[in-house]
Amino acid sequence: MVNQFLAVTGASVSVRKQLQTWNAKIIDYLREYFNSDFQQVRGTLFGDAIAKIAYLTETAIAQPDSFRGVVDLQGRLQAAAIVEVETDCLRVDIFTNAPWNVILNQPETMKGAATSLVESLVNESKSKGFSGRIKLYSLVRATQFYTKIGFVETDVPGEMELTNVAAEIFLNRQLRFRKTGNETS
Amino acid sequence: MNEQLDQQKIIKYQEELYELESTALAGSPITEAEQLAIIKSYLDDDFFNKLYAKLGVELPDPSVIHS
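Taken in sequence, the protein lines are chains A and B. This note's numbering numbers the first residue of the first sequence as 1 and each following residue consecutively. This note's numbering numbers the first residue of the second sequence as 1 and each following residue consecutively.
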């Protein structure tokens, strides 16, 4: 069965409560998996995620309209982003998973959230007249994920772009996967 | 037959994509010192008080949030 998610726009009170839960989970995981030793976290994927979640939380409070996310059917925020509308594309300023989708095998861990959020952002880009175009700065360790979706590197170091053609291919693939997944479940 | 192969390809692609999902982080790069400062802030005793004040939400029951 394919996991289902609902898109969320704007940092409502409900979203802010979810972000509070994310931040509390970070502390739980720091204690449980890193012995509350920040030196053990440096340079890890979780360390990168903490920094992104901290910036995302700050920005969601300061600019609530820029917040985008996906929640599962239990209402848990599973992935989130901060976006900006540029003249020719949707720019993703921050993109991150929920802490339990970084430190895996937690009760709240859910596959498909990050992919679903990208899909939602592509649809938003289309609805704004950008034909699905998205730009973002990928972390080095995330390049494979974005390349798999169809993003390509631009001339700007670290920047990746999903072209309108790649966006259509991605959306079509997602549609077919949902059809296939639901048929085989 | 072709349709079945096509479905297998789509499922394989999606499985590979999901394997990479945990790494899906994006945003402007920061220095290691900045990252360390952020991580350290989470270990401060008054982190939650600052966070709740910023988020503007009610203080939760600590037994719930740390369950």
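Certain hints may be false.
Unchecked claim - Stretches of chain A that chain B covers, calculated by requiring three or more beta carbons in the stretch to come under 8 angstroms of a beta carbon on chain B:
no.: 1; region: 9 to 21
no.: 2; region: 26 to 40
no.: 3; region: 46 to 55
no.: 4; region: 85 to 95
no.: 5; region: 101 to 114
no.: 6; region: 125 to 133
no.: 7; region: 175 to 181
None of these hints come from the bench; they were simulated from the model. We put the beta carbon where it would ideally sit given N, CA and C, even for glycine.
Now for the hints, and whether the structure bears them out:
1. For the region 9 to 21 of chain A, the assignment as covered by chain B holds, since 6 residues bring a beta-carbon within under 8 angstroms of that chain's beta-carbons and 3 suffice.
2. Interface restraint, the region 26 to 40 of chain A with chain B: holds (6 residues with C-beta to C-beta distance below 8 angstroms; minimum three).
3. Requiring three or more residues with a Cβ within less than 8 angstroms of a Cβ of chain B, the coverage given for the region 46 to 55 of chain A holds, as 8 such residues are present.
4. Requiring three or more residues with a Cβ within less than 8 angstroms of a Cβ of chain B, the coverage given for the region 85 to 95 of chain A holds, as 4 such residues are present.
5. With 7 residues carrying a beta carbon less than 8 angstroms from a beta carbon of chain B, the region 101 to 114 of chain A meets the three-residue requirement, and the given coverage holds.
6. With 0 residues carrying a beta carbon less than 8 angstroms from a beta carbon of chain B, the region 125 to 133 of chain A misses the three-residue requirement, and the given coverage is violated.
7. Restraint check on the region 175 to 181 of chain A versus chain B: 4 residues with Cβ-Cβ distances below 8 angstroms, three needed, restraint holds.
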